[in-house]
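What follows is each chain in one-letter form.
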Amino acid sequence: MEKEQDRGVGRYICRCAWQSLKQKLFQSVLLGCFAALVAFLVFAGTLLGSSMESGIGRMKERLGADLMIVPHGQQGKTEKLLLTGNPEFSYLDRDLEQVAANTKGVKKTTSQFYFSSVSADCCSTRVQLIAFDPGTDFAVLPWINQEEMKKTKKGQVLIGADVIAQGDHTIRFYGEKHPVAGKLSRTATGLDQSVFMTRDTMNKILEDAKKKGFHFLSPKDKGKVSAVLIKAEEGANLDKIETSLLKKATAKGDKIDIVSTQKVIGTVSAQYEFFRKGIRFLQILFILTSSLVLFLIFSFSYRERKKEFAVLRIVGVTTGRIRVMTCTQGGMISLIGGLIGLLTGALVLFPFRVLISDSLQVPMITPAAVTIAFVALMALVLTVLLGVAAADIAIRTLGRAETYFTLREGEA
Amino acid sequence: MKTRLLRGAVFILLGLVASLGIATVFHVCPAMKDMVMKCYWTGRVSIAVGIGIILVGILTIFAKKKAFADGLSVAAILLGIELILLPTLLIGVCPGAHMHCHTATRPALIITGALTVIYGGFSILWKRNKIEE
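Protein sequences, first through last, are from chains W and D. When the count follows our numbering, it moves up by one through the first sequence with no breaks and lands on 417 for the last residue. When the count follows our numbering, it moves up by one through the second sequence with no breaks and lands on 230 for the last residue.
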């Protein structure tokens, strides 16, 4: 019996809170907007940070080489290739692979050849084509399903996660169709927009390109490579290897640049760190501002409704129940606002994630569904708690006055 | 009048995203010298559809009868469906996952279309029996 009565009171309190929200629509919308802002910033900011963190983590895993020897003046372009997949091509002597292999501290070496498709060919955008050496490779093969690799025959290619094959599982380069043997898992680097192949396939495509009037290699460039990738021994000093390689290349008469993948990752990490700090600052700033605004709006609203509360007190409603009613009101509006904020966050973050990642030049990988759900729940709980706390503090500061005087206030 | 103004304003806002938004922030890929990509046509048609939604919004403000307002909402729903179909089935966008039309135009059109459909449906169901005179 008592339980039923409590349930009835609860329902009555909820109805009262909902009615007062509806009566002051403008005020409720304003409160809801601030609650939505808090939820949006906490949800979107946290997920964005987490996506970037896992993106950089995957990038560290995937950039298998410690150092890359590239032709002189190509350092910036190669860094761009690793980050954005922007197609650039340049060539150097293949002998450098042997020179690098004989350098102290070097564990493995392999060479790669870069060239590109033309815009009209496959994806209305140029795609970076990477030819690797299956015999020595350590950068591409560990990330390819071995079963898929076995199936790869001459003329077939492997595509990055962002490259879209045609309906018949082929991809067209320089007028010729090439069967797609498999798709690599997402790396969050420029390699996602690349197409991988063996040297035989590369030679075939270069011939097709030549027929179409695209000359990537002059006769004197035959047998050259675009980059030599180096995997250093555990604990080896990369700077020493770099200096030694530069000396050897200069002695040989080759002009080279050396790209340290760790430095590339370092630049991206610094960008991420700057962004993370900015987001954290904004989150704290908006949580504090919104808490203050919610408190002030509730205070003004309750000050206006002082007489209403006094009448409720006179008809026997306890101060506790009035407090519960106002807190319910705060909870309701922040819940609605919070849900709107989460929805807006999801609509901005997920469909536009590639655009955000490309604009910020930081790799991003969307977290697992469980993590997303957890962050959403945390953001919602925080928003509701802020709303309830603001309403509670506002009513407590008001509740000290004597009911009789409150009711007679303003009378002559 | 206030309610009608609000209802119409939401449609006008959605129409502005589909027309002005696509012409500016969510633009399609820049045209190349000798090649017109399909996203170019998606962009042009979506601007026209967006203007259609804006007109529906303006008419909604002046629609006093519920039945007329409902008819306009149905028109908005159809235009919203068209916005979703333009980059997905009807014309499409460039397949390159990092092309601007793929990363910005396509999601913008799908979201705007979906919101137009949801809001149009909501407008029809909202106060279904009430006739505003």
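In short, the hints are calculated from the structure, not lab data. Note that beta-carbon positions come from the ideal geometry of N, C-alpha and C, so glycine has one too. A hint or two may mislead.
[What the hints assert, rightly or not] In silico lysine-lysine, DSSO-like type, Cα no more than 27 Å apart, as pairs:
no., chain 1, residue 1, chain 2, residue 2
1, D, K99, W, K227
2, W, K182, D, K162
3, W, K29, D, K135
4, W, K257, D, K135
5, W, K182, D, K135
6, D, K161, W, K312
7, D, K135, W, K27
8, D, K161, W, K29
9, W, K311, W, K109
[Said to hold, decoys possible] Over 10 Å on every C-beta distance to chain D, these chain W residues come out as not near it, computed from the model:
no., residue
10, V168
11, I169
12, H220
13, T255
Violations among the numbered hints, reported as their numbers in ascending order: Hint check: 1, 2, 3, 4, 6, 7, 9, 10 and 11 fail, others pass.
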